Amino acid sequence: MNSFNRHVLSAAVSAVLLGLGGLAHAENTIKIAVAGPITGPVAQYGDMQMMGAQMAVEQLNAKGGVNGKQLEAVLMDDVCEPKQAVAVANQIVNDKIKYVVGHLCSGSTQPASKLYEDEGILMITPAATNPNITHQGYKMVFRTIGTDDQQGPTAGDYIANQIKPKNVAVIHDKQQYGQGIAEEVKKTIEAKGFKVALFEGVSKGQTDFSALCTKMKSANVDFVYYGGYHPELGLILRQCREQGFDAGFMGPEGVGNKDISAIAGPASEGLLVTLPADFSADPANASLVKAFKDKNQDPSGPFVMPAYSAVQIIVDAIKGAKTEDPVKLADYIRKHSFDTPIGKVAFKENGDLKEFQFVVFKWHADATKTPVK
Amino acid sequence: MLEFFQQVINGLTLGSIYALIAIGYTMVYGIIGMINFAHGEIYMISAYIGLITVTALTVQFGVENVPLILLFTLAASILATSAYGWAIERIAYRPLRSSPRLIPLISAIGMSIFLQNYVQIGQGARDLSMQPLISGGWRFGSDAGFQIYLSYMQVLIAVVTVIFMTALTLFIARSRLGRACRACSQDLTMTNLLGIDTNRVISLTFVLGAALAAVAGVLISLHIGKINPFIGFDAGIKAFTAAVLGGIGSIPGAMLGGIILGLSESFASAYLRTEYKDVVAFSLLVLVLLFRPTGLLGKPEIEKV
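In the order they appear, the protein sequences are chains A and B.
Each residue of the first sequence is one higher than the last, beginning at 43 in our numbering.
Each residue of the second sequence is one higher than the last, beginning at 30 in our numbering.
Quick caveat, the hints were computed from the structure, so don't treat them as lab data.
Note that the structure is a prediction, hence the values are computed from the model and not measured.
Where a beta carbon is used, it is the ideal one built from N, C-alpha and C, also for glycine.
Don't take every hint at face value.
Label-pair restraints from in silico Cβ distances [as the list claims (entries may be wrong)]: (1) A/Asp-137 - B/Thr-195: 57 to 65 Å; (2) A/Lys-237 - B/Leu-31: 17 to 25 Å; (3) A/Lys-377 - B/Phe-262: 45 to 53 Å; (4) A/Asp-336 - B/Arg-168: 47 to 55 Å; (5) A/Ala-407 - B/Glu-304: 28 to 36 Å; (6) A/Val-414 - B/Phe-311: 41 to 49 Å; (7) A/Asp-288 - B/Ser-312: 29 to 37 Å; (8) B/Tyr-181 - A/Ala-407: 17 to 25 Å; (9) A/Leu-117 - B/Phe-311: 36 to 44 Å; (10) A/Lys-234 - B/Leu-131: 53 to 61 Å; (11) B/Phe-320 - A/Ala-407: 47 to 55 Å; (12) B/Phe-262 - A/Glu-114: 32 to 40 Å.
Can you build the whole structure from these sequences, using the hints too?
See below:
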C-alpha cells in the first residue's frame, strides 16, 4: 500500500468514526431549533417565542422527555431579516437538527422554509401569519397561529361594522407581513363599500412621519389601519397625535407589544389591535401560567403559547408516530389532532390550523390590553 | 395652503438635523479630501449619550428644570462625542495619512462597523425609547379648519441649529484656528510649510464635526425619542447626500443641502406618495450633479501641480 492510499484509508476510517460519534451523540438528545429575532428592533417578539418554547422543553423534560431522550432547545438569531434567516436555516441543516420552531417574521420565514422543505426538516412557526408561507405546496411547513387572510377580515369587519369611518387610510411598512395584512384589510373594507382615501407605504426604520401625519390630517382621514410592527407605528402615533390628528388607529398582532407604549406613551391609549385570543386567560392553562409567573415571565404575549404548542406538537407526534423521521412526522401531524395550550388543534393539508381566532383588543397607555366586545 | 406651511415646518425640522450632520462630512472632505464614513456612527453615539443623560437626570436625580437638563445634556454629549471624533481620527486615519486615498476610506468603513457593534454590545441591539422632555406647542388657524402646529421642540431644533451654525461660521471666518482651517483646505502641504501644525488642525476638524453631530444626536433623541445602534447608517447616508448636494467641501453648501433634502422629502410624501420620498430626494441629487457636478455651492477642484 503506497502512502497515498494509506492516507485515503485513514481519512475514510476517521470519517466513519466521526460519523458514528455524531450518531451516538444524536441519540442522547433531541434537538429543536428555535429560530427568531433575539436581537434587533422586534426582538421582543423573539422573547415571547423563546420563552414559550423553552418552557415547553423544560416541562416535557421534567416529565421524562420523549422515548427516554431529553429535549434540547437550540436558540438561533435571525434578527427578523430574510438574509440572516437563510444563514440560520443553513446552519440548522449543517447541524443536522431535524425540527424547527420558527421563524417569527413572515419575511424571514418564507425564504427559510424553502430550505427546510428541501432538506426534510419539520418547521412549525408560532408567529408568521403571511398566507403565502403555507401556499407554496410544501409538506414540511406548519403553523400554530392564524393567517392574515383570517386576521385581515377580522380587522376589516370590525372597522366596517363598529367604527364605520368616512375616510380610511391604510398604511404599511412595505414588508411581506405588513403589506400583506394591509392589503387584506383594504380588500375587506372596500368590499363593504368603504372608501380607502390613502394606501401608502413607509420605510422600515423610518423615524420621521410628520409629513405623513400632515397629509392624513389634511385629507380628513378619520381612521387609520397600519400593517407592520410597533417601532414605526409607535412613532406615527406619537407624531400624529402631537400634530393634533386624532383619528382612531388599528394594527395587527405585530404592533401589540408593550414597547408600543414605551415609544408612543399616552398616544398608544385606545389603539385597536387584532391578536390571538389571550390563551393565558384560559382556565385550562392555569398551572402553565403559574409556571411562567414563578419564573417572572409574562405568558400573555401573543406568541408564547403558540411556541409552547409547537414544541408540544413535535413531541406528541414523535411519541404517537413512534419515529423521529421528520417526513413521517409531518404526515402524522397532518392526520391527527393535538391537545395544546392553544386548544385542540388539527391541521389542514397545507399546514395551516383548521381553526384559529383573532380577537380585537383595545390597547392602553400602561401597556395593558382589554378585549373589545 | 395651510397644510403647505405645515409641510414646510416638517421639512425644515428634518433638514436642520441633516444639515448639522452634513457639516461633519463636508469639513473633513474640505481639508483632507476624504469621506469620513464613521461620522453617522458619531451621531448615533451622541443620540445614545443624549438619551441616557436625560433619563439619568430626570429619573435618577429628579432634575425638573428643562433648560438645565438641556444644557447639561448638550454639554455632556458634545464633550464625549468630540473625544470620540478625536480618537477616531487618531486611531483610524492619522496612521494612513500618506497612503493612497482608498485606504482611509476602507478604514472609515471598518471604524463605522466597529462602532455599531461596540454600541450594540454595550447598550443592546434593541430600541431604546423615552418620552418627550419638551412637549406642547403653538396652534395656528381656526378650530374648525386645518390647524398648523408648531411644537416647542421644532422651534428648539431650528434655534439650536442656527446658533451652532452661526458660531461655526464665525469661528471659521474670524478666528486664528479658523483661518488655519481655511488654509489647510486650500493647500495642506503649503500650510504645513508655513509653520502651521496641520495635524492639530485636522484633529480640530474632526472634533468640530463630531460636536455638531452631537448636537444633532441630542436633538433627535429628544424629538423622535426612539434610537437603536443602526440609526447612524441611514442618517449618515442622508447627510452625506445633503453634503454632496450642497457641494462637498463647502460649509454653507452643507446647510443648504440639508434644508433642501429635508424639504424635498417632506413635499414628496405630502404631494406624491410616502414611498417616493427617497426616490425624489435622490433624483434631485442626480439632477443637481448632472448640471452642477460640484454641487450647488461647491467650487471646482483645482488640479494642484
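Violations among the numbered hints: none
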